[in-house]
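S.K.: Chain order of the listed sequences is A and B.
Taking the numbering used here, the leading residue of the first sequence gets 22, the next gets one more, and so forth.
Taking the numbering used here, the leading residue of the second sequence gets 28, the next gets one more, and so forth.
The set of hints was computed from the structure by calculation and includes no laboratory data.
Quantities reported herein were computed from a predicted structural model and do not represent experimental measurements.
Among the hints, a few may not be true.
Using 27 Å as the maximum straight-line C-alpha spacing, the simulated DSS-like pairs for lysine-lysine come out as follows [as the list claims (entries may be wrong)]:
| no. | chain 1 | residue 1 | chain 2 | residue 2 |
| --- | --- | --- | --- | --- |
| 1 | A | K136 | A | K40 |
| 2 | B | K310 | A | K130 |
| 3 | A | K40 | B | K205 |
Sample of chain A residues at the chain B side, in silico, Cβ under 10 Å [what the hints assert, rightly or not]:
| no. | residue |
| --- | --- |
| 4 | I110 |
| 5 | P114 |
| 6 | S232 |
A virtual CB, placed ideally from N, CA and C, is assigned to each residue, including glycine.
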Amino acid sequence: MTNKQTSLFRRKLHERTIKYFFFACAATSIVVLFFIAIFLFHEGVGVFRVVEITDFLSGRRWAPARVQPILGILPMLLGSLFVTVGAMIVAVPLGLSAAVYIAEIAPPKIKNPIKSAIELLAGIPSVVYGFIGLVFLVPWLQETFNLPTGFTALTGSLLLGVMAVPIIASISEDAIYAVPRDFREASYALGATKWQTITRAVLPASISGISAAIILGGMSRVIGETMTVLMVTGNAPIIPDSICSFLRPVRTMTASVALEMGEAAKGGIHYSALFAIGLVLFTITFLLNLIADFILHRYKEAQKR
Amino acid sequence: MNRVQRRRFAQATAFALLAFATFLILAIMVGIISFVASQGIGAISWEFLTAFPRSGMTEGGIFPAIVGTFYLAMGTTLISLPLGVFAAIYLVEYSYQGRLIRLIRIGINNLAGVPSIVFGLFGLALFVRHLGLGVSLLSGSLTLAFFVLPLVIRASEEALLAVPQGFREGALALGATKWQSVYTVVLPTAVPAILTGGILALGIAAGQTAPIIFTAAAFFTPRLPDSIFSPIMALPFHIYVMASESAHFAVTRHLQFGTALVLLAIVFGINITAIIIRSQMRKRRRW
């Protein structure tokens, strides 16, 4: 080989090495995701030697610290579900209203300040929400509804609802913003008012993006939220069974893990049960994310046509 | 009312409701901030910011928690920023659409959706126990780094995508290789926007509690952390233990408010910096 060929060859090799290095970095996320699943399984699988998986999921009692531990996570599964549903009832109307207001109605001058403010709201750490809930909302709810305790599912739902608003608002706003101008113009040309255009042309066209926002920004985040619920829902592993349960303490899956990991002996059954709860949480959020991803992907495919 | 009037009325009502909802959200935010500020400002003093806790955590300051949060945020950013930027370079500059890329994207999206407490469990199992790093600054930084990684990747991707295609073509036309064009033209143009992503990662790392409970945080450390293997105090964890787990939670309320105010000020300071840098960049862009 001549000198020139050698240097060209080196340059190609160099380029290729760099490319593979970048690829390795890009693949990190999926490797980490894989590792998370493996480690949760590895640490959590021990519990299924003591309890059947169906009993684990549907058992109505949680007493992990006893000599013969009773390991049923149904109270926590339902607790998470209750708090999440309550939070969505708060967050979806507020978040969606804000998204429509910012995208379609707000005067240009105040649009960006509002967006920035909502972005800042998203930056408030969850422990601060929990703290405010603890010192303000808990006593207030107790007095207002004359309850034995203000640490209730409702307290958690209200706080988590407010926390989910900025995420739902910003993802939905992107979806609304992405609706082509022609849709609006065609609607106006037919004599529709602005409000009719929003409800009958813009929102239906952005429905996939909005549902993805609700699943991702709302449900997935709220189910996984820890500190806030830990601090304000009372953490009693009682099965919530009616609408009145909103005014009673509940315990979520996330709170159980955070609360009990400190006292669980490393490598023991209790420790393993908490990792199994982690695995359940991981599976739920993973499925929610896949659904949202699927909706968004199909939506993009449909838009290309 | 005729039909036109009815439609106008419906529209006016709907718009008023939407505006009301939006301003309600803003009012809640202002309420939260002013509540914490008004209750917390009394606790803030030079001593509070620079002294160690005293008398079984019922007096004194939060200096070690501020330092711990600073180290943790820096550690997280040092690990996640390079990794995230390199990943974004691959996704934007090198990849073409295909199954593999779609898989990587699904991976990133799903990683972003993993609950923070699950990251805590993962960090406990992998870093603290299996790799033997113990409850330490390093374990916590690694755990948080993977927690913020999807966000850093997305911010960096946006930064790279904002560089006009012509810049790359210009470099290639001058005989640059792919890497040379990325290194000499694309990256320098994208640096300010990439930094914004890094700053946002700082802010998130500073505010997280759940991922560090099992991996890095200590209730009290008598000294400042002297190595990356020391457990640390952190502001968010400090608020949690003082408010929810401490036996003296009622008498230390003013300290808790003070700590919450310091944490909010740090997180907001970081986020506002990012917002300002971003808007400055948009103004200054000449292409």
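S.K.: If a hint holds in the structure, say so; if it doesn't, say that too.
M.R.: Cross-check of the supplied hints:
Distance restraint check for K136(A) and K40(A): the Cα-Cα separation of roughly 37 Å exceeds the 27 Å cut-off, and the hinted pair is therefore not satisfied. For the given pair, K310(B) sits about 16 Å from K130(A) by alpha-carbon distance, which is consistent with the 27 Å threshold. Pair hint K40(A) plus K205(B) holds up; C-alpha atoms about 9 Å apart against a cutoff of 27 Å. Contact between I110(A) and chain B, as hinted, is not supported at the beta carbon level, the nearest pair being about 14 Å apart and thus beyond 10 Å.
The interface hint given for P114(A) holds, since its Cβ lies 7 Å from the closest Cβ of chain B, which is under the 10 Å cut-off. With a cut of 10 Å, the hint placing S232(A) at the interface with chain B is violated, because the nearest CB-to-CB distance is about 15 Å.
When held up to the earlier numbered hints, the structure conflicts with 1, 4 and 6 and fits the remainder.
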